[in-house]
Amino acid sequence: MSTCCNVMGFETAMLVKSGTGTIDFTSGTERYAILTEDISANIELQGRNRITGDRTTRTAYMRKKGYVVQGTIVLQPGAADLDAWLPRIMGAAGVGDVFGLGDTWTPFGILLYTPEGCKVIEGCRVNYAVFQSAHAEGGEGEEFVALVLNIIGTYYEHRATSAAQSPLPTLVMTQPHLPYTHWEGEILYGAGPDELLYRSFSIQINNFLKPIFYNGFYASCVRSRGRRIILQTESPFCDDLFGLSFDWLDEAVEVYLTLSRADGGNAVNTEFYFPAAMNNYKSPLVKGKDEVPLHMMFEATGANPNSELVITNDATW
Amino acid sequence: MSANHRDVINAVISVLQGLDLRSFGVVDVVERDYPFDAKAPPCPAIVVSMLTEGEHLGLNNISDIVYPVQILRTGHSLNNKGGAPRASWRGAVRDVFDYKRLGLECELYTKSRFVEMEYDAAWKSYNLDTSGMVVSTIVRKVL
Chain W
0 MSTCCNVMGF ETAMLVKSGT GTIDFTSGTE RYAILTEDIS ANIELQGRNR ITGDRTTRTA
60 YMRKKGYVVQ GTIVLQPGAA DLDAWLPRIM GAAGVGDVFG LGDTWTPFGI LLYTPEGCKV
120 IEGCRVNYAV FQSAHAEGGE GEEFVALVLN IIGTYYEHRA TSAAQSPLPT LVMTQPHLPY
180 THWEGEILYG AGPDELLYRS FSIQINNFLK PIFYNGFYAS CVRSRGRRII LQTESPFCDD
240 LFGLSFDWLD EAVEVYLTLS RADGGNAVNT EFYFPAAMNN YKSPLVKGKD EVPLHMMFEA
300 TGANPNSELV ITNDATW
Chain R
0 MSANHRDVIN AVISVLQGLD LRSFGVVDVV ERDYPFDAKA PPCPAIVVSM LTEGEHLGLN
60 NISDIVYPVQ ILRTGHSLNN KGGAPRASWR GAVRDVFDYK RLGLECELYT KSRFVEMEYD
120 AAWKSYNLDT SGMVVSTIVR KVL
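Residue numbers (numbering that gives the first Met the number 0), protein chains in the order written: chain W, 0 to 316; chain R, 0 to 142.
No wet-lab data here; the hints were simulated from the structure. Beta carbons: idealized from backbone N, C-alpha and C, even for Gly. Mixed in with the good hints, there may be bad ones.
To be verified - Cβ-Cβ distance ranges computed for the label pairs, FRET-style:
| id | chain 1 | residue 1 | chain 2 | residue 2 | range |
| --- | --- | --- | --- | --- | --- |
| 1 | R | Ala-86 | W | Trp-316 | 35 to 43 Å |
| 2 | R | Asp-32 | W | Gly-18 | 49 to 57 Å |
| 3 | R | Leu-18 | W | Arg-227 | 48 to 56 Å |
| 4 | W | Gly-264 | R | Glu-115 | 30 to 38 Å |
Said to hold, decoys possible - Coverage of chain W stretches by chain R, computed from C-beta distances (three or more under 8 Å per stretch; other residues unrestricted):
| id | segment |
| --- | --- |
| 5 | 244-251 |
| 6 | 267-273 |
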């Protein structure tokens with residue numbers, strides 16, 4: 000029996016590799032640093048309503064139910080990391096720097112290495128992804144744009160750690176891998192365009208994935224039941240914006256959210272383009288003496304599935 | 000290789016030397032340890048000092064280190080001839096560092112904040128008018 004029970008989060012390494020079926024993590028893996036991870040396998044027992052068995056032979060009518068592997072990873076990706084993640088989120092390979100929507104969510108495997116054993120999750124797809132920013136007032140608060148990935152997998156395994164199974168590539172930390180910050184974002188709307196000032200934003204791309212269990216224990220496949228893409232903002236309340244937010248209730252507006260990380264003559268950019276977004280109107284609320292925020296939720300309503308959202312990711316430094 | 004405190008302080012000095020120092024009533028940027036010892040700091044001058052590092056939030060496998068640098072402007076009196084008011088130099092310095100990048104390896108970003116408008120100790124010990132800023136650079140380091 001191992002006498003070591005002090006494995007810490009900072010000793011964990013996350014490896015990712017695209018592919019179907021059993022993933023070979025001995026080469027070609029991508030390594031990421033993460034904020035949190037909570038992917039778990041949840042296997043329930045099912046007691047069937049039948050007349051066989053009695054109190055002494057309970058196993059006669061108990062069996063394993065579905066095998067659900069799901070959880071969330073939170074990371075702070077740079078533009079170079081997004082080149083790998085956007086096809087998994089959008090359901091289509093990119094063409095150059097442009098990533099449109101599709102219906103083939105590239106499966107991938109995740110290996111969470113610890114010195115005391117590995118978590119291996121295979122058949123993974125991105126159920127939903129959230130790009131979110133937060134404004135930290137004062138101090139040295141956390142202001143980096145985070146990416147929350149909810150993953151559905153089809154297989155989970157604990158495996159003894161072996162360097163042969165999971166050699167750890169060096170964590171890449173060049174400039175295009177550094178995260179965007181909250182204040183490097185810019186939201187433009189309309190043909191003008193005008194700039195929308197915000198305190199925070201989040202973009203949610205929900206693929207509504209569902210693991211399908213026929214008569215088996217493992218999910219035979221993962222299907223999408225639809226897609227919803229929304230951009231949420233919290234802005235300082237002002238009269239002009241208040242009026243526009245109501246007008247956009249039934250009038251689609253073009254919206255651009257651009258993240259840009261510059262350093263001297265170099266820059267990386269990621270642009271989220273909503274060709275037609277409608278606002279789910281919510282009137283501002285007065286909370287005591289504090290300032291009055293205006294919350295807006297733009298619903299991507301492109302004319303066809305491929306134009307609801309287009310992401311251009313230029314990771315060239 | 001991620002930048003370290005030495006790289007940060009060198010970059011801060013380089014940026015300060017590119018400013019119109021005479022408009023602040025000084026002609027030089029010098030580096031001194033802080034707190035100052037028995038000897039008075041250079042005056043008039045912009046005095047740059049290393050402050051204690053801090054740890055920002057980080058990810059697994061990664062630490063985000065905050066490297067603070069104190070910037071003081073020293074003058075012989077509050078109304079020295081040709082010298083800018085305290086608020087003027089502080090505003091100018093803040094503008095060149097706040098939410099900027101210094102071009103360092105693995106630099107997440109650099110922020111600046113106002114600190115003391117008047118250092119009592121400098122006034123009482125050395126008869127100097129001294130006001131300050133702190134510039135902090137956050138650098139990401141792989142563990």
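Self-check item: Within 8 Å of chain R (C-beta), three or more residues of the segment 244-251 of chain W
Solution: Per the Cβ count (0), the hint is violated.
Quiz item: Using the C-beta atoms of Asp-32 (chain R) and Gly-18 (chain W), is the stated range 49 to 57 Å upheld?
Solution: With a Cβ separation near 56 Å, Asp-32 (chain R) and Gly-18 (chain W) satisfy 49 to 57 Å, so the hint holds.
Self-check item: Satisfaction of the hinted span 30 to 38 Å by the C-beta atoms belonging to Gly-264 (chain W) and Glu-115 (chain R)
Solution: holds, 36 Å
Quiz prompt | Claimed coverage, the segment 267-273 of chain W by chain R - three or more beta carbons nearer than 8 Å | solution = Coverage by chain R is violated for the segment 267-273 of chain W (0 residues, Cβ < 8 Å).
Exercise. Kindly confirm whether 35 to 43 Å is satisfied by the beta carbon distance between Ala-86 (chain R) and Trp-316 (chain W).
Key: Since the Cβ atoms of Ala-86 (chain R) and Trp-316 (chain W) sit about 38 Å apart, the hinted range of 35 to 43 Å holds.
Self-check item: Whether the CB-CB distance between Leu-18 (chain R) and Arg-227 (chain W) falls inside 48 to 56 Å
Solution: holds, 50 Å
In the structure shown, a violation is registered for the earlier hints numbered 5, 6, in ascending order.
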